[in-house]
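Could you build the full structure based on these sequences and the hints that come with them?
Chains as they are written, first to last, in the numbering used here: chain A, 1 to 200; chain B, 1 to 330; chain C, 1 to 835.
The set of hints was computed from the structure by calculation and includes no laboratory data. As the structure is a computational prediction, the values presented were derived from the model and not from experiment. We put the beta carbon where it would ideally sit given N, CA and C, even for glycine. Hints may be right or wrong, so weigh each one.
Stated by the list, open to error - Capping the alpha-carbon separation at 20 Å, the derived lysine-lysine pairs in PhoX-like fashion look like this: (1) Lys54/B - Lys111/A; (2) Lys41/A - Lys224/B; (3) Lys283/B - Lys224/B; (4) Lys119/C - Lys3/B; (5) Lys2/B - Lys44/B; (6) Lys311/C - Lys137/C; (7) Lys122/A - Lys311/C; (8) Lys55/B - Lys178/B.
Stated by the list, open to error - Stretch by stretch, here's where chain B covers chain C in the computed footprint (C-beta under 8 Å, at least three residues): (9) 740-749; (10) 824-832.
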Amino acid sequence: MMRYSRRNFLKAAGAGITLTAIEGESLFAAVAPPLPTPITKERATFIINGKPLVAEYEARTTLWEVIAVKLGLTGTTRSCNRASCGACSVLIDGTPFYSCHTLAMEAAGKKIFTIEGLGDEKNLHPLQKVGYLYMAADCGFCTAGWSVTAKALLDKNLNPSADEVKSALAGHICRCAAYSAIVRTVVDTAAVLRGEAEII
Amino acid sequence: MKKISVYRPTTIEEAQQMLSMHGTDAAVYAGGTDLLIRLKNRLKQAPAYLVDIKKINNLRYIKEDAQGGVQIGALTKLAEIAESDLLAKKYPMLVQAVKMISSPELRNASTLGGDLLQEVWCQYLRGGYACWRNGGYICYGAIGDNSYYHSAMGGRLCYAVYPGDAAPALITLDAKVKLATPSGAKELTIEQLVPGDMMVDGRIQSHVVRFNEILTEVVIPPPKAGFRASFEKLRPRGVWDFAMASASLGLQLRDRTIEDARVVFGGIAGRPWREKSVEDFLKGKTLSTDLAAQAPTNALSNAAPLKYNATKIDMAKGLLMSGLEKLATS
Amino acid sequence: MSQTQRPRTPKRKIEAGLHSAIIVNQPMVRNFSTGGGHSPGDTLVEGDEKIVTKKWQGYPPENLNVVGKPQPPLAEVAIPRYTGKAEYATRISFPNMLFAKLLASPHPRARVRKLDATKAAQMPGVAYILSAQNAPKTYPFPEELFFQGSIVAIVAAETEDLAEDAVEAIDVDYEVLPFASSLSQIMSGNAPDLSQGRGQRRGNTAPSVVQYGDVEKAFQDADIIKEFTYYYAGGVVAPLQPCGSVAKWDGDKVTVWGHGQGIYPPRAIIARGLGIDPKNVRFINKWNGGTFGGVRQASEKFYPWVAYIAKMTGRPVKLTLTKDQELAHMQVKPENIQKFKVGAKKDGRIVVCQREYFVNNGERSGGGGGNGGRSELYLHVVPNWKEIGHDYRTNSMTIGASRSNMQQEFKFGWEQMMDEMAEAVGMDPVQFRLLNVQKPGTKVSLASGGPTMAPVPEIENGFLTYDSFASVEVMEEGMKAIGWDKRNSVPGGNPGRVKRGFGVAMSQHHAGRVGYHEGEVGFERVVKRGGADVYESEIELNAEGNIILRFAQPDSGTNHGTGIAMAIAEILGFTNLRHIRLLWGDSDLAPPAPGWNSGLTTQLQGGALCTAADKLRKDLLNRASELLKVDIGRLQIRDAVISSKDDTKKAVTFAALARSNEGRVIRQHASCCHPGAIGRAMNRGIGACFVEVEVDTWTGNWRFIRAAYCHDTGNVINPLLAEADMNGSLVQSSQVATEAIPWDREFPGTRHFSVGYLSYRLPTIMDVPEQTQVFVNSLEPRWYFGTKGFAETAIGAPPGAIANAIYNACGVRIREHPITKEKIMAGLKAKAGRA
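Below is the structure:
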């Protein structure tokens with residue numbers, strides 16, 4: 001179905017507005033070979049924190065919804081739902097993405113890392129321990145997001161400078177503005193991971 | 001999010017068939033960073049069919065060509081450009097500009113092709129108002145709150161600014177793009193690619209890519225000796241936000257003499273705004289901080305600000321001075 | 001050790017500690033106005049009604065083991081934030097749960113003429129559609145849609161997308177009504193009458209006037225008279241957690257997981273809304289992803305409907321508002337205009353001030369002179385005052401607490417006025433403020449022509465005292481911390497393209513009266529009067545020797561539970577928090593209390609718990625005395641052991657005392673309340689904010705370089721938490737200066753929030769300044785350990801401080817909020833044009 005007819009153009013032209021228009025071949029050029037049916041729904045396996053999990057979803061379903069709703073891994077929070085805060089970040093094959101802004105089908109079959117993969121209360125990752133001591137989370141709603149992005153940074157760079165941490169975490173809003181504590185947390189976690197510092 | 005059906009072609013030809021089949025109801029889907037916002041906001045103009053071109057081989061690369069220029073596949077992620085040693089060596093200004101686009105996570109998702117062809121970010125369009133680009137016959141920006149997302153250089157139907165940063169930077173570098181069309185490959189300059197609001201296939205868009213065409217590659221000519229460039233961007237915050245104004249400058253120098261110049265402003269007009277009067281002013285002059293201070297005098301004299309956005313022009317002039325000064329002092 | 005082994009460099013220790021806070025301690029014994037010195041055993045007698053308070057409530061700020069030591073928050077509250085387990089309402093999930101989405105009115109003012117949901121109801125996955133037609137009679141939908149975003153229908157479906165599909169398919173015929181959303185609209189001659197019999201003035205016709213002193217004479221006597229007008233465009237807090245809730249029924253009992261700042265008030269709303277016994281409502285809200293005061297309504301007003309849909313469908317239901325819908329329902333900082341006429345003597349003393357204000361009250365009716373707040377008068381001495389107030393009901397969102405209430409939004413103007421007056425009399429802005437600020441020992445009353453008394457409730461008690469009020473110290477310490485001497489003596493006087501500048505502003509919150517706890521004379525009196533906000537609490541010692549604190553208040557990243565636990569640990573003789581546990585945020589587990597607000601949580605909810613701890617301490621000492629046959633006076637407590645001071649072998653543990661009690665627990669209960677309209681001394685401190693900014697005069701770009709944020713803290717309980725909280729306070733308050741509610745200036749009543757935080761820009765890691773927190777421990781003599789609430793002391797200051805600093809940097813004065821790069825650029829251009 002066409003939503004935009006040439007009426008738009010004609011109306012504009014009729015109103016005496018000069019406008020460059022490109023028209024040419026028919027929009028409905030006949031297509032010989034039959035096309036495959038587009039995907040509207042699918043079922044796929046996601047390797048989440050090392051565990052294969054199966055979900056069924058629509059083509060429009062976001063990765064966040066698959067992880068946090070369909071698969072029940074509620075650690076990943078969604079805030080703005082418009083790629084403008086970073087709360088919902090997860091790693092796909094080691095690279096951070098906003099899961100609210102990634103279609104689930106993009107990540108099907110891939111390795112996904114979420115906050116649950118970082119560590120739980122019995123087995124905290126140094127990032128979580130240092131964060132706790134430094135007050136890197138006030139309300140904690142953004143924590144799951146920047147933590148996985150910080151993990152991705154530390155996997156690549158075990159000795160990041162404060163500026164490198166800032167650049168890497170620039171896509172994460174902390175509404176409580178614990179930013180300086182977050183930067184120190186990541187820098188010092190790297191020191192712990194390098195074996196140069198220990199957590200008291 | 002609006003309901004969508006997704007095709008996953010493996011060849012350009014297949015993709016073109018799919019696009020042809022659905023006309024303007026379909027759209028190329030690559031990084032999706034712009035498209036998903038429009039789908040989530042349930043805009044009338046958002047497509048029902050997505051043709052995901054990421055399964056097509058050989059659209060994601062950064063490689064040096066025989067002449068010493070660089071070819072960048074349209075599906076190359078902005079993050080890959082930002083991290084490319086080759087590009088950093090040959091066109092540091094491009095890398096600098098790309099690093100200032102959106103946020104790190106979004107750069108991991110968005111592609112160079114998507115950045116060039118993105119929809120405008122006017123709050124009326126994105127908010128679902130029935131404007132020229134969304135099934136209506138009015139530009140709310142022209143008469144509305146137009147301080148940020150609207151043109152200060154006049155407009156035709158849609159007054160939204162062209163929002164991208166890659167395009168002005170690439171114009172400065174004389175880059176070209178390649179389109180795959182049903183009748184074969186087509187080459188355009190970036191200025192030809194994004195000429196501002198255009199009626200294409202019955203809809204208003206900022207670029208000339210037709211419903212059945214696919215942007216495949218950006219080609220940047222080899223850097224010449226003595227070429228110096230800078231990119232300046234002013235935005236509300238240090239990340240995420242679009243340019244309130246930007247200035248891409250490219251100078252071909254012999255010693256300190258400017259032999260040729262490119263001056264392209266972003267964020268102030270419906271297209272990347274190449275300012276030939278400043279280019280002409282600069283040609284033949286000696287690069288200096290004094291020259292930087294004089295340059296804005298001739299700039300943007302045909303500005304046509306709307307009610308709230310006159311300062312875009314002043315900011316653009318300030319960025320021009322700033323860029324020239326950096327080039328003069330570095 | 002073998003020779004090949006190299007000596008290892010010792011590992012750096014990672015531990016909790018302060019990063020950039022300065023703590024300034026004032027002496028315990030000072031000469032305050034209340035007389036009698038401030039030695040621990042003294043009593044305070046205050047007010048007409050002779051309220052007697054034992055100094056420090058018997059717990060003086062000396063020999064402290066826990067209070068004042070920086071430490072991370074209690075693990076049960078804080079660790080789940082790092083593991084993704086903190087139970088925000090958005091994280092509650094059940095199999096078989098339905099997802100609800102709103103249909104919101106696109107019009108600033110309208111009525112639903114006809115709503116047809118037939119098509120929507122038949123769409124795939126739709127389980128229930130609630131609208132005015134089928135809403136419960138006990139909790140109907142609004143008849144008139146009073147602002148853009150008002151609720152029209154709620155759809156519950158199998159997924160959010162399917163619910164949204166159905167929302168889109170509901171056919172609504174709106175009768176669009178004449179509206180006025182902005183001040184300029186409502187103040188214009190042709191605004192519609194929105195009063196609807198609520199006594200609201202329509203136009204600029206019936207202002208409220210408050211005055212004291214002889215204003216006219218004072219203007220005649222003044223050496224310098226200046227007039228200024230300031231505009232504030234409106235603000236909203238925008239927490240990251242989207243507003244929403246989950247409801248689930250088990251038989252005739254419903255459990256609701258919510259997002260707000262209280263447990264019992266929303267529980268009552270749900271019970272009333274559904275017409276059921278509150279006993280059948282369990283309300284749970286332990287963690288929040290931020291609330292900042294503004295969230296309350298945006299979640300709360302939907303609870304009964306969400307619970308109702310859950311009942312009708314027999315399935316759990318979750319509602320999550322989108323960010324644009326949330327903005328319509330959160331409390332906002334109101335748009336306002338302030339017009340000042342100020343008179344001062346040559347020496348800089350303000351002798352008279354007239355303020356006329358115009359406030360956009362949104363949907364809320366009321367006003368009547370109260371909305372100005374006048375907290376500025378708690379700050380500065382104004383001997384003659386006249387205020388003309390215009391409060392307008394408009395077609396916009398409801399105003400209210402929004403990371404403080406009537407602070408930034410009014411002080412943006414007030415603190416610029418102070419700066420402009422300082423310049424007019426030729427004084428340094430700090431010296432000018434110090435000259436005019438309220439000082440400790442000030443005892444102001446109506447009779448003495450005191451500044452603030454006429455309109456405020458304290459009049460009932462005759463006067464208001466400022467005792468431990470560090471007004472001078474916050475300024476002096478702030479000057480040191482920021483390096484005030486580097487300030488430009490001439491605004492914009494620095495040469496060059498990029499100019500730096502310094503600014504200052506002060507702040508003080510009006511709700512800061514000392515509460516009453518059970519056992520104090522005032523408490524009984526306030527409770528007897530009825531309608532008092534009584535915070536109840538329970539403290540329990542169990543057989544494991546653990547102390548369990550039960551209290552209602554949800555945590556919003558506030559960590560008030562930890563602060564309170566530290567005071568309680570101190571009262572009970574602990575040197576650490578290892579034995580303290582919290583049970584909070586659940587109406588099945590915690591005793592009743594109103595919600596928390598205004599930075600009073602550790603004072604009021606904490607006051608109840610401290611009083612219960614005091615009772616428990618006495619109870620345990622009695623038991624130990626009986627058991628050990630030692631006189632109470634000869635007993636000591638340390639880390640859960642009560643022993644004889646004379647023979648430490650004579651000892652009993654807390655656990656043993658609990659085990660020997662019936663039920664193997666020992667419980668105490670206590671209450672505390674806000675003084676309400678009954679007067680008591682000020683205990684809310686004062687704050688100041690010093691900032692350094694940089695302006696690029698070529699582009700209008702500005703950067704927030706540094707801030708010294710100074711607070712009269714009473715006695716900061718946990719400096720680590722305070723530092724974290726205040727870092728956030730400063731950044732949020734700065735954003736109040738630079739962002740306005742995204743109103744459309746050409747199409748009033750319309751907001752733009754379509755691209756999340758690109759539409760309403762929250763500060764990022766790239767935008768925040770370097771911060772120094774300055775805590776002045778002024779030791780409030782009326783309260784446990786000298787503590788005060790200080791969460792909202794300095795909070796009103798940053799917007800004015802930033803505006804003043806930009807002026808100092810480049811000579812551009814931004815009287816019209818928000819402060820943007822465009823306005824700086826435009827100002828610079830205008831200045832250049834003049835020059």
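Inset, instruction - For the pair supplied as a hint, Lys55/B and Lys178/B, confirm whether the alpha-carbon distance does not exceed 20 Å. - result: The hint holds at about 19 Å.
Inset, instruction - Please work out if Lys41/A and Lys224/B have their alpha carbons no farther apart than 20 Å. - result: violated, 51 Å
Inset, instruction - Quickly compare the C-alpha distance for Lys2/B and Lys44/B to 20 Å and report which way the hint goes. - result: holds, 10 Å
Legend entry - Given pair status - Lys224/B, Lys283/B, alpha carbons within 20 Å: With a Cα-Cα distance of about 17 Å, the restraint between Lys283/B and Lys224/B holds, given a limit of 20 Å.
Inset, instruction - Compare the distance between the alpha carbons of Lys54/B and Lys111/A with 20 Å, and conclude whether the hinted pair is satisfied. - result: holds, 18 Å
Legend entry - Restraint check for Lys119/C with Lys3/B, where alpha carbons must lie at most 20 Å apart: holds, 17 Å
Legend entry - Straight-line alpha-carbon gap Lys311/C to Lys137/C, limit 20 Å: This hinted pair holds, its Cα atoms lying about 15 Å apart.
Legend entry - Distance restraint between Lys122/A and Lys311/C, which requires alpha-carbon spacing of 20 Å or less: violated, 38 Å
Legend entry - Coverage claim, chain B over the region 824-832 of chain C, checked by counting residues with Cβ within 8 Å (three needed): Check passed, 3 qualifying residues.
Legend entry - Coverage assertion for the region 740-749 of chain C with respect to chain B, Cβ distance below 8 Å, three residues required: As far as the region 740-749 of chain C goes, the hint holds, because 5 residues have Cβ atoms under 8 Å from chain B.
Checked against the numbered hints given earlier, the structure breaks hints 2, 7 and satisfies all the rest.
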